[in-house]
Amino acid sequence: MDIFIQLVANGLMLGGLFAMISIGLTLIFGIVKVINFAHGEFLMVGMYVVYLLTGWLDLHPYVTAVPLIVLFFVLGAAIQRFIIQPLLDAEDPHVQIFATVGLSTAMINLALLVFGADLRTTTGIGVRAPVHIGGVRLLFGQIMMFLSAVGLVLAIHLFLTRTFLGRAIRAVAQNRGAAALMGVNVNKIYIITFGIGAACVGLASALVAPMYPVSPTIGTYFVLTAFVVVVLGGMGSIQGAFLGAMIIGLVDSLSGYYIAPDLKEVVYFAIFIAILIWRPTGLLGLGKGSE
Amino acid sequence: MLLVDDVSAGYGEVTVLHGISIDVQPGEVVTIVGANGAGKTTLLRTIAGLIRPRSGTITFEGRDIGHLAAHDTVDLGVTLVPEARQLFPFMTVRDNLYLGAFRKDARDGMEKRLGEVLELFPRVRERLDQLANSLSGGEQQMVAIARGLMANPRLMMFDEPSLGLAPMIVKQVFEVIEEIVGMGKTVLLVEQNVFQTLSIADRGYVLENGAVVLADTGAALLKNDHVRRAYLGI
Amino acid sequence: MTTAASLPAATRRKSVAGRLGHPRTYVGLAALSLLVLVPLGINDDFIFHVFITICLYGALATAWNIVGGFAGQLSLGHAIFYGIGAYTSTLLLASFGLTPWIGMFAGAAIAAMVGAAIAYPCFRLRGPFFVLATIAFLEVIRLLSLHFRGLTGGAVGLMPPLRIGWEWMIFREREPSLFIAFGFLCLCLLVAWWIRNSRFGFYLVAIRERDDAAQAAGINTVAFKLYAIMVSAALTSMVGSFHAMYLGFVEPESMFSLTFSVQIAMFALIGGIGTVFGPLFGTLLVVPVTELARGWLGAQAIGLHGFVYGTVLVLIVLFMPGGLVSKFDKPIGRLLERLPGGRSPAEATVEGRAPLLEPEVVAERSAPGQVILRVDSLYKRFGGLVVTENVGFELKQGQVLGIIGPNGAGKTTLFNQISGFIRPDAGSVAVLGTDGAWHSPRAPHEYARLGIGRTFQVVQPFAAMTVLENIMVGAFRRHPNAAEAREAALEVAERMGLWAMRHTEARNLTIGGQKRLEMARVMALEPRILLLDEVMAGLNAADVKKAVELVRDIRDSGVAVIAIEHVMQAIMSISDEVIVINAGRVIARGEPATVVRDPQVIEAYLGQDYVHAAS
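Line order of the protein sequences matches chains G, B and S. Under our numbering, the residue at position 269 of the first sequence is numbered 416, and the numbers go up by one with no gaps. Under our numbering, the residue at position 77 of the second sequence is numbered 276, and the numbers go up by one with no gaps. Under our numbering, the residue at position 219 of the third sequence is numbered 220, and the numbers go up by one with no gaps.
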């Protein structure tokens with residue numbers, strides 16, 4: 148029983164990590180209707196930036212979150228403006244997929260060129276310190292990640308429902324043409340949204356970097372999980388992504404123990420395929436995956 | 200107030216409008232009638248800035264708006280209540296109305312205007328916190344018109360507001376439009392419901408194949424032989 | 002070729018020798034043979050390796066393109082099939098000493114089956130969701146192959162036993178490998194070329210462009226997409242079998258690699274998706290650059306090739322969305338035409354055929370015959386809205402039934418139910434087949450096969466196909482052979498007044514032209530029942546008159562017609578019977594003259610005030 152509780156706690160903490168990575172992805176999909184196949188590579192780049200900043204300036208990785216959020220907002224906005232936006236009205240919707248897939252490949256290999264294939268570890272004082280809560284042993288960094296994920300979900304929810312800009316963002320997602328007729332500059336909304344989605348990854352990188360060593364292909368590993376989480380929760384749903392992340396976190400933790408460590412991903416990819424095929428709207432999604 | 204001069208427009212390689220000229224004076228109700236595919240909706244979308252004209256000019260209160268994007272056109276006080284309502288389906292009616300007031304000039308006094316608009320639409324007031332897609336077709340049309348009013352436009356354009364509604368609801372829609380006219384708004388109305396539309400219009404244009412074939416007062420068009428044969432079925 | 006259209010079919014088919022005489026063919030073949038001749042000439046190990054890689058990647062990209070390009074199903078899981086081929090032949094060789102020449106067919110069969118099993122549930126997913134699903138399947142298979150060490154050797158991998166010689170596909174020297182790789186490339190190109198120029202390929206492109214319209218043309222879209230993936234998977238697997246022998250080593254990470262899947266797709270995208278030779282061009286552009294760089298820079302260049310692929314892909318997508326072929330096809334084509342055997346300019350200008358034939362003498366119009374369509378109390382609701390309520394009617398052979406009603410009355414929804422696009426909640430549709438039995442078809446293509454042709458209110462041309470090709474998609478229903486379908490389509494094009502624009506891409510037609518094309522494609526199906534959804538909307542008076550005459554001609558040839566029109570005038574003049582629908586219900590039916598005087602009809606159309614004013 149103790150083991151089970153520990154596993155559940157580990158699963159939820161892992162869920163926090165998955166949520167941090169998935170929120171930006173689902174936001175971008177929900178609004179801009181583009182699946183950013185380079186999302187994982189944003190994280191990878193972010194982790195390298197954290198690694199470099201902590202090394203050069205002797206900063207705590209958490210402090211780097213501030214410049215990273217700004218940097219990634221700009222990066223995301225620029226990618227939307229210069230790569231995605233010209234393709235939004237393309238006759239073949241596949242070209243957007245190609246563009247982000249190409250971007251992803253280029254980024255992975257650029258990292259390979261610059262850093263090589265070796266793992267780089269970012270050190271963060273106190274991040275790996277154990278914290279005991281009622282017999283359950285967790286790491287400080289895990290708790291920070293979980294709390295940040297909860298905070299981020301709440302913040303984005305409030306932003307989307309309570310502010311003029313947030314409402315405009317939702318309006319664009321639901322009916323782009325009508326939003327323009329209300330006076331909303333749709334392209335600007337897309338740029339801002341992509342920026343926010345990328346900024347979420349910036350924040351995530353600062354939290355993930357001191358927990359996991361970075362390598363050029365780490366993004367692929369994380370982004371596949373993020374796809375599972377996002378589809379499970381419902382493409383475009385922020386709360387859904389959080390719920391999906393918790394479920395996948397638990398599945399990962401429990402199946403890794405009770406089934407086999409090397410089959411836990413098979414389990415959640417199986418869930419992923421089942422959801423895609425039988426319920427493409429996911430658990431909380433409003434979008435229609437099969438259309 | 201609005202001057203459309205020799206405008207051609209279309210989608211992709213296809214030209215839908217061929218050199219259209221119309222004008223709307225302040226306080227007028229002008230209507231555009233024509234068969235499906237004649238280009239009525241394209242004309243409104245072109246004025247609204249959703250489609251760029253290929254040639255010709257569109258001026259509103261003396262300013263060239265032909266090359267403005269839709270959101271900039273709205274900022275000048277031109278609002279289109281689009282065909283098929285086009286509400287934001289997963290937002291509450293209230294949020295839909297707030298979005299109507301997104302344009303810069305309309306944000307101040309938004310709450311006050313909400314009160315005024317709801318006076319016109321008592322049914323909408325009852326539904327404020329429901330999701331827009333849970334409303335009936337008639338209610339959705341009312342919300343769409345209310346949302347248009349929230350922008351406090353000087354020129355209000357309607358695209359087929361009676362589309363797919365039961366005859367009784369159609370009647371209510373026309374009553375609302377007459378009230379809006381009574382508020383002093385200038386109205387440009389596109390409708391398939393030719394008889395009712397021409398009855399409330401000061402002037403009308405008949406569009407066929409993307410060109411204006413007739414222009415006259417509403418009353419005169421109602422008596423016009425061509426209109427009666429082609430659109431009234433008599 | 003256009004001048005040949007009026008010649009008898011037998012003389013028109015070009016002989017193989019005739020094709021070879023065309024510069025496009027002989028220059029193409031010469032260029033292709035350079036892939037073998039250049040490395041043989043240089044005779045350097047590294048150059049051999051580069052060209053073998055080009056041939057293999059080119060073959061893989063060409064195979065991918067059959068499903069990714071022609072059928073538009075973007076798979077990023079093709080390494081599954083490649084890996085299956087590699088593992089199957091290696092395991093068969095290692096365990097049973099079976100030569101890969103046979104083993105690769107076993108692999109191909111397995112890959113085709115796995116492809117069908119994976120793709121079938123995924124086809125309802127569109128765009129990025131299909132992509133995600135293929136990635137997920139690839140990941141599952143990779144993880145499973147790592148897990149089941151007993152079979153696959155796990156992460157350690159397997160090595161095919163080192164038996165040298167042609168029968169084992171393993172060689173000490175490079176030449177034989179080059180020949181085999183080149184052979185696979187030619188095989189894939191040949192299959193792709195054949196598909197593109199046959200009914201199969203036309204159907205795939207039609208499905209890619211407009212799934213609904215393809216179904217309405219009688220295409221079982223799911224079946225054809227499955228055939229495409231099976232062919233593609235089998236070819237990919239065979240290349241994988243050989244590649245395993247060439248590499249001498251298989252392991253899950255490189256066999257079932259997402260990166261590798263992406264690379265294959267990239268070559269096709271860069272070269273020109275959906276064209277026969279595009280994938281090879283893409284491979285030719287990027288592989289030499291990156292392989293040479295890898296050769297020169299060695300370990301420093303790790304990642305360089307991927308960086309180049311990715312960057313080139315983004316640039317291509319942004320600035321040349323059709324790939325290299327779209328940009329260079331025409332200029333190169335023009336150059337080629339000047340070579341011996343090309344079309345001389347004088348010949349090229351001889352266009353068109355004899356002026357329009359006299360209209361066929363139409364047989365005496367027969368009285369409406371037996372009932373061939375029974376629609377019985379259909380009922381359909383969307384959410385809270387009842388869109389069809391207890392609608393029923395019968396249609397007789399040679400009859401024109403008009404359906405009118407205000408916008409939003411549910412006319413098109415009704416059409417969708419009698420052509421299989423929407424399943425009614427209650428009620429039935431029965432069609433009298435040519436076999437004399439009544440059928441209740443379920444899917445749109447089954448309706449089409451029973452002889453029901455329909456147009457769409459919002460026209461659905463296969464935008465990237467020419468007018469002629471669009472019509473051919475319909476004509477294939479009766480004429481499976483491409484040459485015969487072309488001939489039939491030309492006749493229809495002429496009859497429908499589309500002759501002059503038969504080589505225009507459908508997307509460049511005016512709305513009127515697209516409407517006519519829509520009709521033409523349906524007529525090419527040679528339907529017995531024709532459903533016309535507002536084909537006259539937006540036409541000018543003269544065109545309406547022509548359309549009315551056309552519908553009459555069609556009726557007189559014995560085809561039953563159901564026509565939806567929004568405006569009464571035209572429909573009144575062609576219909577034998579009219580049904581008026583408002584808010585999903587039939588509010589009046591009968592002869593046109595009676596229906597227009599029905600007060601309920603007048604009110605539905607003109608509003609109550611008008612009724613009062615008129616009375």
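Fair warning: there could be bad hints in the mix.
To be verified - Below, in silico cross-link-like pairs of lysine-lysine (DSSO-like), each with a Cα-Cα straight-line distance of 30 Å or less:
1. B:Lys-422 <-> S:Lys-547
2. G:Lys-335 <-> B:Lys-311
3. B:Lys-384 <-> G:Lys-180
4. G:Lys-335 <-> B:Lys-303
5. B:Lys-311 <-> B:Lys-370
6. S:Lys-328 <-> B:Lys-422
7. B:Lys-422 <-> B:Lys-370
8. G:Lys-180 <-> G:Lys-335
9. B:Lys-422 <-> B:Lys-384
10. G:Lys-180 <-> S:Lys-328
For the record, the hints were derived by calculation from the structure and aren't laboratory data. What you are looking at is a predicted structure, and each value in this text was computed from that prediction instead of being measured.
A quick look at each hint next to the structure:
no., hint, verdict
1, B:Lys-422 <-> S:Lys-547, "holds (29 Å)"
2, G:Lys-335 <-> B:Lys-311, "holds (29 Å)"
3, B:Lys-384 <-> G:Lys-180, "violated (37 Å)"
4, G:Lys-335 <-> B:Lys-303, "holds (16 Å)"
5, B:Lys-311 <-> B:Lys-370, "holds (28 Å)"
6, S:Lys-328 <-> B:Lys-422, "violated (57 Å)"
7, B:Lys-422 <-> B:Lys-370, "holds (22 Å)"
8, G:Lys-180 <-> G:Lys-335, "holds (15 Å)"
9, B:Lys-422 <-> B:Lys-384, "holds (27 Å)"
10, G:Lys-180 <-> S:Lys-328, "holds (29 Å)"
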